[in-house]
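A.B. asks: The listed protein sequences correspond, in order, to chains A and B. Counting in the numbering used here, the first sequence runs from 7 upward without gaps. Counting in the numbering used here, the second sequence runs from 1053 upward without gaps.
Calculated directly from the structure, the hints in this document are not laboratory data. The reader is advised that the hints may include incorrect statements.
[What the hints assert, rightly or not] In the SDA-like style, the derived pairs of lysine to any residue whose C-alpha atoms are separated by at most 25 Å in a straight line are: (1) LYS44(A) - VAL1140(B); (2) LYS9(A) - PRO1091(B); (3) LYS9(A) - ASP1114(B); (4) LYS9(A) - GLU1111(B); (5) LYS44(A) - LYS76(A); (6) LYS44(A) - ASP1114(B); (7) LYS44(A) - LYS1105(B); (8) LYS9(A) - TYR1102(B).
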Amino acid sequence: AQKVTQAQTEISVVEKEDVTLDCVYETRDTTYYLFWYKQPPSGELVFLIRRNSFDEQNEISGRYSWNFQKSTSSFNFTITASQVVDSAVYFCALSESRGAGNNRKLIWGLGTSLAVNP
Amino acid sequence: DAGITQSPRHKVTETGTPVTLRCHQTENHRYMYWYRQDPGHGLRLIHYSYGVKDTDKGEVSDGYSVSRSKTEDFLLTLESATSSQTSVYFCAISQGQGLGEAFFGQGTRLTVV
C-alpha cells in the first residue's frame, strides 16, 4: 500500500541553522509524484514542489533544497540558514494511481512541525 | 494569490443540522477537492471532482455529499452534522490528475456542538 512517513513530528532549531525534514514513501507504482507543502501558523496550505519519479536530480530554490533518492525511497527537504518565517508545518505527499485510468490522489504524511527560534 | 475562496470561514452549528460549505475558484481548473484536517490525522480526502457533475469519494466520505454544477463551484454538504465532523475543511484545485493540489483555500473551521 502507498504510504508516506514523516518520522519527525516536531523540530526546533535556532535561526540560521540548517535543518532537514525527512520524508520516506512506499509505493508499488513505477510512475509517481512527490510533493512538499508548507502550512504556516496562519493556516493556509502552500505548494512548494512537485517531483516526478523519473527525475532524481536535486532541486534548489533559494534556501530550500530537495534530495530525492529512489534507492532509499526518500524525498528530504533541507532549509539552509533557517529563518523565523520558516516556522510552519511541512507536509510531504505522494500521488498514487488507483484503478483504471488516471485516478490519482494524494497520500499525505502527517507533517513535521518546524519551529525556528530567534 | 490563486483565485480560490471558501465560505464561510468559520461556522458553529448544532448536531443534526445540515451544513453546506462552498468552494469557489476563478482558475478554471478541472479538479477540485475537499479535505478535512484533524490533529493526528493530517489531511484526509473527503470527496473530489474531476469535472462538472463528476465526483468521487475519498477516504472519509461517510456523512458528506458534494455537488458540482459549475466548473467554478464545489459544494460540500454535511447531511446531518455530528460532533465528529468538527474540523478544519480545505478546498483545493488542480489542473491535472496526479499533478498535486496546486492551490488551497483558506480553510473553514467548523464546530459542531
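A.B. asks: Of all the hints given earlier, name the ones this structure violates by number, lowest first.
C.D. replies: Violated hints (numbers, rising): 6, 7; every other hint is consistent with the structure.
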